[in-house]
Each structure stands twice: as structure tokens, then as C-alpha cells.
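Student: Protein chains in written order, with my numbering: chain V, 2 to 418; chain X, 4 to 163.
Derived from the structure by calculation, the hints contain no laboratory data. What you are looking at is a predicted structure, and each value in this text was computed from that prediction instead of being measured. Built from N, CA and C at the ideal position, the CB exists for glycine as well.
One-sided excerpt, in silico: chain V residues whose CB lies under 10 Å from chain X: (1) Leu248; (2) Pro254; (3) Glu350; (4) Gly354; (5) Leu387; (6) Ala389; (7) Lys418.
Estimated spans, in silico, between C-beta atoms of each pair: (8) V:Pro262 / X:Arg126: 37 to 45 Å; (9) X:Glu69 / V:Glu304: 51 to 59 Å; (10) V:Glu278 / X:Lys18: 45 to 53 Å; (11) V:Phe337 / X:Gly127: 48 to 56 Å; (12) X:Gly70 / V:Thr192: 50 to 58 Å; (13) X:Gly70 / V:Gly309: 46 to 54 Å; (14) X:Gly70 / V:Leu333: 42 to 50 Å; (15) V:Thr153 / X:Arg126: 50 to 58 Å; (16) X:Arg82 / V:Val348: 26 to 34 Å; (17) X:Lys147 / V:Glu278: 46 to 54 Å.
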Amino acid sequence: MSARTAEEPRKSQILVALEDQDTTVSLDPLENEMVLNMGPQHPATHGVLRLLVRLDGETVTGCVPELGYLHRGYEKIAENCTYHEFIPHTDRLDYLSPLSNNVAYALAVEKLAGIEVPKRAQYVRVLCCEMARIASHLVAVGTMGMDVGALTALLWMFREREKLVDIFDVLCGARFTTSYTRIGGLMQDWTSQCTEMLKQFLTEFNDDLAEVEKLLYTNKIFIDRCENVGCISRDDAIALGMTGPILRAAGVPRDLRRDCPYLVYPDLDFEVITFTESDVLARFYVRMEEMKQSAVILRQAVEKLPEGPINVNDTKRVLPKKERTYTRMEELIHDFMLINLGIDPPVGEIYQGIESSRGEFGFYIVSDGTGQPWRMKIRSPSMINLSALPTMVKGGMVSDIVAIIGSIDPVMGEADK
Amino acid sequence: MNQLILEKLKVRFPKSIEGSDEFRGDLSVRFRSEDIVKVCQFLRDDSDLNFDLIVDICGVDMYRPEGRFEVVYHLYSIRNKKYIRLKVSLNEEKPVVDSVTSVWSGANWHERETFDMYGIEFRGHPDLRRMYMPEDYEHYPLRKDFPLMGIPDSIPLPRK
Chain V
2 MSARTAEEPR KSQILVALED QDTTVSLDPL ENEMVLNMGP QHPATHGVLR
52 LLVRLDGETV TGCVPELGYL HRGYEKIAEN CTYHEFIPHT DRLDYLSPLS
102 NNVAYALAVE KLAGIEVPKR AQYVRVLCCE MARIASHLVA VGTMGMDVGA
152 LTALLWMFRE REKLVDIFDV LCGARFTTSY TRIGGLMQDW TSQCTEMLKQ
202 FLTEFNDDLA EVEKLLYTNK IFIDRCENVG CISRDDAIAL GMTGPILRAA
252 GVPRDLRRDC PYLVYPDLDF EVITFTESDV LARFYVRMEE MKQSAVILRQ
302 AVEKLPEGPI NVNDTKRVLP KKERTYTRME ELIHDFMLIN LGIDPPVGEI
352 YQGIESSRGE FGFYIVSDGT GQPWRMKIRS PSMINLSALP TMVKGGMVSD
402 IVAIIGSIDP VMGEADK
Chain X
4 MNQLILEKLK VRFPKSIEGS DEFRGDLSVR FRSEDIVKVC QFLRDDSDLN
54 FDLIVDICGV DMYRPEGRFE VVYHLYSIRN KKYIRLKVSL NEEKPVVDSV
104 TSVWSGANWH ERETFDMYGI EFRGHPDLRR MYMPEDYEHY PLRKDFPLMG
154 IPDSIPLPRK
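Please model the entire structure based on the sequences and the hints provided.
Tutor: Okay, structure coming up:
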């Protein structure tokens, strides 16, 4: 870079060069670092993520993510409503996999209150988690493809996701805002129609996924855009607290479903997918393979699904059935008391995390013995995974940022809480 | 395993431990706030314990005269598949604690969020800015004395 005193002759030199349309001029007219503002309303940032990027030419020299554009204060809201009342809010955290958020929240409150749900409910919850994982990974993989220019994959993935969303619709009457779990059980039972739909989905799923693989795995443009982009070393990934597909793509086989088992995961056989390349492509592969593993789990769980009750028989802590609430006095009283005053868990504090589609999604609840939590901290994987973005994009190109955000797959509803 | 961890900590930091309890299988240990960095360093580097992953850092407003604020650390050991919870208490007048970003760089955003929500300052943090709220916001929303509906006019609307 030339000194400031030489500015005048430089300027004229540049002007002459521009007039002559001489592209061989050695002095760059934009010979300074540029700060680029990406977002918060940018289609490639997957929501309201704002990035401040410092550029040297087209190389990224620094990046600062700014969060908070979707901050709704859910932790404050949680302190001011009863444990049951917070269930619908969990849908709005990670809005691509609401069912697994419902399960995570229910598990956390049950651990606090010391409730163990019946086997059937546990199996249905596993089904929910895995369907949510597939639904979420489909969007992640599809949008990542779209970010690097492969639009077809997105459309095919959404076609698959639509089938799952239809199952959610039959299961709990809503496609996205599911609010399916209850403390001590589920809102309603898994039906034979759901089984039929799920089996139908599973028979087609692997072939449909193979189509996408055929389209992308040998696509030179796609591979070139993703390979060796956004690398992060294994040690950095651990030090930065990464979880989920990003950590597994860096070669760390950490999966809470296997390491700290919850629900009935110990009874089910599945593999923990790891890759060692730790680039955008490896994260893509991890998600693709995890979807297949989820399908394996779904097949086993739907076969093993036992008969029996779905709710714990504990009238003081578990909501009664809706039809009984409307017709019986005792149940009406219980419903009123549980919704308005809460379940009164013991004084104490717990942390419960689950392996959601993005990583470790957990709740830390401090209870003071009343119906409302004294403090509820939501451990959101998207936020922490985003904190590695500056490390990943440094030294890359501007266009790589888009691919890297796609590979982190943040959901801002969860990152901003 | 919980007993083993606790024994090790008691041997290594006999004066720092202020208490410990176990609830539903979760071990939580309370430390003096001055020693938290040393404790974290030990927990990460000890070859048996090896708590290498920082899961979460958050604040809690206990709303009591002594030690109003608590900072809660959740650590995880990838090798041992084990969680531990560390807690420190801070006073209302001067809620300051040493930053653990030197131990885990991932603590950065957790501590920023805690600062944003509770006004707890982390000494030695490389970039202690607000996480979610605007930079010039004066209040700390998750403190118990902050009203649920917010404070009117505390966030100016953008001019037309």
C-alpha cells in the first residue's frame, strides 16, 4: 500500500488508467479495506442474522456477527408463566424442528419433578424427535444447496418435508406449532394412521434421498464450492463449544442420544456419523447420513412401539384428557389448577440437554418450589455454533460466507431466544 | 463418578469450595468467585476429569441481600460423558467475576449474554459488548426488578 503523501499522483494515474480502460494498472482504485454489512434482511443469512464483514478485495479478513434482531425474551417470559404455559413457546424457538423442542422441554421439567413417562410415550417421543430431525436436516441440506446454486435439491427436499409435515398435522393437528408434549405424557395418542403414513414415507425416503445424492455428490460445481471451505480444526471446534453436526464433522463422535441416553435410545440401534474433513462438504455429508440413521431409528421405533397409556397416572401433576375436562367436575378443577398454579416441583435445579438437529439443546431450570420456574436458561445450539463463524470465514471469499452460514444451519428464533 | 470428581476438587481446592449438592444426579459445586479461572483450568487440564467442552454459562438473580447474583457454568467431558455444574455468588453492588475465555474461547458469547441480561461484568473478557439488546440500552432485562412488560420509552423508536 502506498503512503498517503503519494495520493495526488496516484489519483491522476488511476484516472488516466480508467480513461484508457487499461486494466493492467497496478494501483487498485479501491486499495483499502471495505466493511460490508450483510443482513439482517438478507435471503442467504437464514433469518435475521447480521454480519459485519471486513474485506480485502474479495478475501474476508474479519467478521462480526450481530444477534438480537429476533430477541423476544423467552427466558423472561418463562419466569412469568407456569410450566405448562411455556410449552407453546418452545415451538417458536427452533421453528424448523418444533417437535424435538417440545420433547426437550418436557424431559427437562419431568427430570425436575421426578416423573417418568410410560414406555409408549417414550417411543412416540423418539419418533417425534427423529421425524423432526429429518424435517430439519432436509431444510438444512436443501437451503445449503440453494446457497451455492443448486436450487433443484431444495425443491426435492421440500417435497419430502411436506410428507413429514402432513404426519405432524395428523399427529397433533398443526404443521409447525405442534405443542405436542405435555408434562408427564403427550397431548394425544399416536394413531394407526400415523403409522401408515410414516411407513409409506420410509419406503420412499431412501430412494428419494438417493436421487438428491445422485444430483449433488458428483456435481463438480457443488463440490468445488463446498470442499475445503469453512474449515475449523478439531481442537478449535471443542474449545468453541460446538455441538451437533459441526462437531461430528470435525471428527468428534459426540452424540447425546448415545453418550447421555434419554428416552428409549439405548434400546435402538444406530450409528453416530462422523467425518474428519470439517469443511462445509463434511457437514453436508453428516446431515445426509444422519437422515438415513434417523430413518433406521424410525423403522425400529415404529416396529417396537408398545401398547399402553401415554400419560402418567398422576392427577395432581399431569393434565387430564380434554374430553374429561369438559364433562367432569374433578378433572375441570385439576385442569384449572395445573394451568394456573402449576405443578409445584421440588426446590432444586437441573440441566437436561437433548441432541436436537442442530446440536445440544438444553434447559437449565432453577425451581423455588412454586408453579413457575425461578430461572430458565435455554441452551441454544444455533447461537453457540454461530460464534464459530468468524473463525470459519476468515481467509475465505465473500461467496464462501453464504455456504458456511448454510452449513452451520442457524435458526435465528433459537439463537436469539 | 460424581463422588470422584468432588473428592478431587476437595483435595485440590480445599479453601475454595463453599458447598456442593447433588439433585437428580446433577452434581453442582459452589466456589469462591476469585478462584473460578483456576478451578476451570484444573477441570479442563486434569487428565482424569478432562472437562473440555463448555456447555453453558448463565446468570441467575437470586434476589437476596447477600450474593444476589450467581454465575452458573455447565461443563461437559467428552471422554467421560459427564456434566458438572459450577456456581459462584456475586454481590449486588459490584457483580464482577474473572472471565474464563482464556480457558475456553467458546465462553465468549455466553459471558456477553450474561453481561447483557444481568449486568455482570467479566474481568478480562476480550469483547464485552451487549449480545441482544442495543448497545446504549441502560437496563438489564433478566434482573428480577425489571418489569415483564419492559420500561416504557427505554428503547427509542427509529425516527421517520
